[in-house]
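Each residue of the sequence shown is one higher than the one before, starting from 25 at the first, in our numbering.
Some hints here could point you the wrong way.
Pair by pair, the computed Cβ-Cβ distance ranges are [to be verified]:
| # | residue 1 | residue 2 | range |
| --- | --- | --- | --- |
| 1 | Gly200 | Leu74 | 32 to 42 Å |
| 2 | Leu224 | Trp296 | 17 to 27 Å |
| 3 | Arg195 | Thr307 | 23 to 33 Å |
| 4 | Trp285 | Pro139 | 39 to 49 Å |
| 5 | Val246 | Pro202 | 38 to 48 Å |
| 6 | Met177 | Ser225 | 15 to 25 Å |
| 7 | Gly180 | Phe229 | 22 to 32 Å |
To be clear, the hints were calculated from the coordinates, so they are not data collected in a lab. Predicted model only: the values in this text are computed from it and were never measured. Just so you know, even glycine gets a beta-carbon here, dropped at the ideal spot from N, CA and C.
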Amino acid sequence: MNNLLLYAASVLIWGSTWFAITYQLGTVPPAVSVVWRFLAAGLLLLAYSLLRRLPLRFSARDHCWMALQGLFLFSVNYVCVYLAEQYLTSGLVAVVFSLMAVGNIIGMRIFFGVPVNPVGLIGVTLGLAGIALLFWPDLRDSSGSGERTLGLMLAGASTLVAALGNMIATRNQRRGLPIVQVNGWSMLYGALLMATYAALSGQRFVFDWSGPYLWSWAYLSVFGSVLAFGAYLTLMSRIGADRAGYSMIAIPVVALLISTWWENLRWTAAMWMGVALCLMGNTLVIGRRTLASYSEKLGR
Numbered sequence: 025m026n027n028l029l030l031y032a033a034s035v036l037i038w039g040s041t042w043f044a045i046t047y048q049l050g051t052v053p054p055a056v057s058v059v060w061r062f063l064a065a066g067l068l069l070l071a072y073s074l075l076r077r078l079p080l081r082f083s084a085r086d087h088c089w090m091a092l093q094g095l096f097l098f099s100v101n102y103v104c105v106y107l108a109e110q111y112l113t114s115g116l117v118a119v120v121f122s123l124m125a126v127g128n129i130i131g132m133r134i135f136f137g138v139p140v141n142p143v144g145l146i147g148v149t150l151g152l153a154g155i156a157l158l159f160w161p162d163l164r165d166s167s168g169s170g171e172r173t174l175g176l177m178l179a180g181a182s183t184l185v186a187a188l189g190n191m192i193a194t195r196n197q198r199r200g201l202p203i204v205q206v207n208g209w210s211m212l213y214g215a216l217l218m219a220t221y222a223a224l225s226g227q228r229f230v231f232d233w234s235g236p237y238l239w240s241w242a243y244l245s246v247f248g249s250v251l252a253f254g255a256y257l258t259l260m261s262r263i264g265a266d267r268a269g270y271s272m273i274a275i276p277v278v279a280l281l282i283s284t285w286w287e288n289l290r291w292t293a294a295m296w297m298g299v300a301l302c303l304m305g306n307t308l309v310i311g312r313r314t315l316a317s318y319s320e321k322l323g324r
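Construct the complete structure from the given sequences, taking the supplied hints into account.
See the structure below:
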């Protein structure tokens, strides 16, 4: 797949997962829902690797780094998201999580010495301004409540942990570790680490067999985990975490479109302006050359 298709796949799928996560809340503790999600995703990827006869044997050192990727990217990060959505709307959590685009830029500079691209930074700034306009009512009403403050803190923690997870994934990719197998092992490690935490904290290992929980679990496991992370981390290996992270700004726009269709959301002038800023920033970040190349391919 070319870069634009990888970008579109991760944005479109993750834009819908914020809504799907809301169906995971209730009967099953958030940590246990994360266990079921990434246990299924990890086993699917490892089974796929076995069928394709992809190598699954790695050194103990590589397994340690894969476990770290699982801890940051497929464990702590998502528990914070699930908990945050108990106190905030899914759209507002998506807004906070979009700050990971900035975290990726800073992380690539600190850990890998990648210089900050001024044009890319302008694009991210435009995108964040657009997101703020899109969700201004939620942002305006997010103060003055202890539960909302806790939700914002959890969403912020998730954003920071995810950005660090991206740096670990970048390290693994630069070591030449294959994405499919690494994702499979990392998701399995993340599920096991979260299961350990859930057991030690006395949480109940239950499963909700209702229709909404089942379909959201299946969707989050297959599409939100196996496919979206595969597309995003492949894109990240090609263009870098700093540029790939811009997808986190585009994702809330998709979430808002879903809300428009599902909840009959009415758009305002500020929201349209926000989308325009996001599109402008998107063009700057992914590069005019990439767009021109893709347009040329479509014209052939």
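Quick rundown of the hints versus the structure:
1. Gly200 / Leu74: 32 to 42 Å: With Cβ atoms ~21 Å apart, the hint is violated.
2. Leu224 / Trp296: 17 to 27 Å: Violated, since Leu224 and Trp296 (Cβ atoms, about 49 Å apart) do not stay within the stated range.
3. Arg195 / Thr307: 23 to 33 Å: At 30 Å between Cβs, range holds.
4. Trp285 / Pro139: 39 to 49 Å: Holds - the Cβ-Cβ distance for Trp285 and Pro139, about 41 Å, lies within 39 to 49 Å.
5. Val246 / Pro202: 38 to 48 Å: Taking Cβ atoms as reference, Val246 and Pro202 lie about 20 Å apart, which means the hint is violated.
6. Met177 / Ser225: 15 to 25 Å: holds, 19 Å
7. Gly180 / Phe229: 22 to 32 Å: Given a distance of about 29 Å, which is inside 22 to 32 Å, the answer is holds.
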